[in-house]
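> The task is simple: from the sequences and hints, build the whole structure.
Here are the chains, one letter per residue:
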Amino acid sequence: MITPKPAHLQPRYDVVVVGGGPAGLAAAVGARESGAERVLVIDREPEAGGILQQCIHPGFGLHHFGEELTGPEYAQRAIEQTVEREVDVLSSAYVLDVASDRRLKVTSRDHGVAYLDAGAVVLAMGARERTRGAIRIPGERPAGVMTAGFAQKLVNLGGMLPGRRAVILGSGDIGLIMARRLVLEGVEVEGVYELMPHANGLNRNIVQCLHDYDIPLHLSTTVVRIDGRERVERVTVAPVDASYRPDMTKARDIPCDTLLVSIGLIPDNELAHRLGLRLDPVTTGPVVTSTMETTRDGVFACGNVVHIHDLVDYVSQESMLAGRGAGAYAIGTPTPPDNVRLTPGENVRYCVPPTITTDREHTVYMRVTKPMAPCTLHLGDVYKRPLRYVFPGEMVTLKVRPRFLEGFHGGSLPVSIVPREEGGSA
Amino acid sequence: MSDDRQDADREAAADREMVGARVDNDANVSHYLCIGCPLGCRLEVEEEQGEIVEIRGQSCKKGEVFARQEHTDPRRVVTTTVAVAGGLWPRLPVKTEGDVPKAAIIDVCRMLHGLRLEAPVTIGQVIAADVLGTGVDVVASRDLPRA
Numbered sequence: 001m002i003t004p005k006p007a008h009l010q011p012r013y014d015v016v017v018v019g020g021g022p023a024g025l026a027a028a029v030g031a032r033e034s035g036a037e038r039v040l041v042i043d044r045e046p047e048a049g050g051i052l053q054q055c056i057h058p059g060f061g062l063h064h065f066g067e068e069l070t071g072p073e074y075a076q077r078a079i080e081q082t083v084e085r086e087v088d089v090l091s092s093a094y095v096l097d098v099a100s101d102r103r104l105k106v107t108s109r110d111h112g113v114a115y116l117d118a119g120a121v122v123l124a125m126g127a128r129e130r131t132r133g134a135i136r137i138p139g140e141r142p143a144g145v146m147t148a149g150f151a152q153k154l155v156n157l158g159g160m161l162p163g164r165r166a167v168i169l170g171s172g173d174i175g176l177i178m179a180r181r182l183v184l185e186g187v188e189v190e191g192v193y194e195l196m197p198h199a200n201g202l203n204r205n206i207v208q209c210l211h212d213y214d215i216p217l218h219l220s221t222t223v224v225r226i227d228g229r230e231r232v233e234r235v236t237v238a239p240v241d242a243s244y245r246p247d248m249t250k251a252r253d254i255p256c257d258t259l260l261v262s263i264g265l266i267p268d269n270e271l272a273h274r275l276g277l278r279l280d281p282v283t284t285g286p287v288v289t290s291t292m293e294t295t296r297d298g299v300f301a302c303g304n305v306v307h308i309h310d311l312v313d314y315v316s317q318e319s320m321l322a323g324r325g326a327g328a329y330a331i332g333t334p335t336p337p338d339n340v341r342l343t344p345g346e347n348v349r350y351c352v353p354p355t356i357t358t359d360r361e362h363t364v365y366m367r368v369t370k371p372m373a374p375c376t377l378h379l380g381d382v383y384k385r386p387l388r389y390v391f392p393g394e395m396v397t398l399k400v401r402p403r404f405l406e407g408f409h410g411g412s413l414p415v416s417i418v419p420r421e422e423g424g425s426a
Numbered sequence: 001m002s003d004d005r006q007d008a009d010r011e012a013a014a015d016r017e018m019v020g021a022r023v024d025n026d027a028n029v030s031h032y033l034c035i036g037c038p039l040g041c042r043l044e045v046e047e048e049q050g051e052i053v054e055i056r057g058q059s060c061k062k063g064e065v066f067a068r069q070e071h072t073d074p075r076r077v078v079t080t081t082v083a084v085a086g087g088l089w090p091r092l093p094v095k096t097e098g099d100v101p102k103a104a105i106i107d108v109c110r111m112l113h114g115l116r117l118e119a120p121v122t123i124g125q126v127i128a129a130d131v132l133g134t135g136v137d138v139v140a141s142r143d144l145p146r147a
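For the protein sequence lines, the chains are A and B, in the order given.
The numbers in the working numbering rise by one with no breaks, and the one at position 112 of the first sequence is 112.
The numbers in the working numbering rise by one with no breaks, and the one at position 131 of the second sequence is 131.
It is worth saying that the hints were derived from the structure and are not from the lab.
Treat the hints with care, as some may be off.
[To be verified] Straight-line distance between alpha carbons at most 20 Å, and here's what the computed DMTMM-like set of lysine to aspartate or glutamate pairs gives:
#1 A:Lys399 / A:Asp381
#2 A:Lys399 / A:Asp268
#3 B:Lys62 / A:Glu67
#4 B:Lys61 / B:Asp73
#5 A:Lys370 / A:Asp310
#6 A:Lys250 / A:Asp268
#7 B:Lys102 / A:Asp381
#8 A:Lys370 / A:Glu394
#9 A:Lys153 / A:Asp212
#10 B:Lys62 / A:Glu394
#11 B:Lys62 / B:Glu118
#12 A:Lys153 / A:Asp268
#13 B:Lys102 / A:Glu185
#14 A:Lys384 / A:Glu406
#15 B:Lys62 / A:Glu68
#16 B:Lys102 / A:Asp212
#17 B:Lys61 / B:Glu46
#18 B:Lys62 / B:Glu46
Treat the numbers as computed from the prediction; the structure is a model and nothing was measured.
Set out below in structure tokens:
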């Protein structure tokens, strides 16, 4: 599915969305629904859909579309929603700069360098994978060391294999999915190595990607060296102690030609930096309001640019909201300012959005620092909810309804998640 | 070392022992890791004369249903790619429209890897009907227009 290309770029759009992945596509839909007429999505790939196009496995869409889809199926539906709403998509294009007056400098295959003015801008560039350099693995610098997501693109879109015998560092879901993917393509996967004492991916992926194919998962173990002249020839792994220091006396060499690293994502915020947006030190994404507006008027942000999500469904929902906010801003509909600040308390790393209003319902996403089960979520002393469990790898969502905040006239509300005794009252 | 840390380490030790669904020394008990939620309950299925007599370790109904299914008839949806000429990309993502027996996964992939398609392809198009006699069709996961 390729969206029709705009024959001519308009000099001005109501809303310009930077990034055509699930976040950008949903933001464009939200912008149209709020009344914005001319909406443009700019994407660097030859087609929209983002990383979903290479995520060929199922597991997407249960919340947003009400059925389980593969990544490409989810992408196609998201693209169709923008086509139905006459959103323009400029593909094979790149936004070089956004000025504070929301003039964008864009370069594209079809139109060269162009300047566009936007009534509102939505930043939806997603995230990048952390690389070998981010964790400074010592050794040589041969070919064959790459991120799991890049290997996924090579295999699933390019029809190329990264190598013949692979080691995977990191037990995040992308690493686990790629372990299975490589085995099904005839590549030998020696094992998955994880620095932490627990796996980072979903249990479903541990079972269906590793156990199903007898791929061993080595916890509390990391790669301490990479060797090879032209191509990876071997990696060295060693167990780590409680402070994550490798025990080199127990190091062991593994002959292989490929090392995939699956060690986390970081929001892609080049443009946010250029715009001088205030960034949250915890999420490293822009600080946003309850309409997903950044600290710059008329500039909104959503998806993995703001914080790393574990489900694309939540990306779509958050991004619809950002798009509606951007559309409302562009056509001059005022939105009431936020008057409640949510401050992370015990076992809460961050809340997005960090501020809300008392006049309407808000969905607040948060991440915890440590596992707890069972536990209770407290919103100041105005609301509490029992939870069966929380895990750092699974975002907690809370719908804050206006009735929770009746009689609360604004100010700070601490959000905390505390242990609950089994059988005791919440 | 905090209690949390020790708990995590104990869990890790349990994880290391847990290499797939397998039968332990007591020949009548099989072990499974529940995939229903992040709790990851360690499930045990006890069998006598080919009949399940007890399922243990679950903290909700999902675990019991999962353990029974995994023990008696493990099935999976299979996704892979098929070679395609003349398209935007050289590979087409495909999926089995329903789940197939776990034991058939590798053969299904081998069979699909032998196919050569021509673009354009439409989402939902049947790529392999009743694949390997499983009664399940393999279908395209996306439209793939001509390049």
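> For each hint, tell me whether it holds in the structure or not.
Verification of the supplied hints:
no.: 1; hint: A:Lys399 / A:Asp381; result: 16 Å, holds
no.: 2; hint: A:Lys399 / A:Asp268; result: 27 Å, violated
no.: 3; hint: B:Lys62 / A:Glu67; result: 18 Å, holds
no.: 4; hint: B:Lys61 / B:Asp73; result: 18 Å, holds
no.: 5; hint: A:Lys370 / A:Asp310; result: 16 Å, holds
no.: 6; hint: A:Lys250 / A:Asp268; result: 38 Å, violated
no.: 7; hint: B:Lys102 / A:Asp381; result: 50 Å, violated
no.: 8; hint: A:Lys370 / A:Glu394; result: 11 Å, holds
no.: 9; hint: A:Lys153 / A:Asp212; result: 23 Å, violated
no.: 10; hint: B:Lys62 / A:Glu394; result: 19 Å, holds
no.: 11; hint: B:Lys62 / B:Glu118; result: 43 Å, violated
no.: 12; hint: A:Lys153 / A:Asp268; result: 18 Å, holds
no.: 13; hint: B:Lys102 / A:Glu185; result: 17 Å, holds
no.: 14; hint: A:Lys384 / A:Glu406; result: 15 Å, holds
no.: 15; hint: B:Lys62 / A:Glu68; result: 18 Å, holds
no.: 16; hint: B:Lys102 / A:Asp212; result: 8 Å, holds
no.: 17; hint: B:Lys61 / B:Glu46; result: 17 Å, holds
no.: 18; hint: B:Lys62 / B:Glu46; result: 17 Å, holds
Of the hints listed earlier, those the structure fails to meet are numbers 2, 6, 7, 9 and 11, in rising order.
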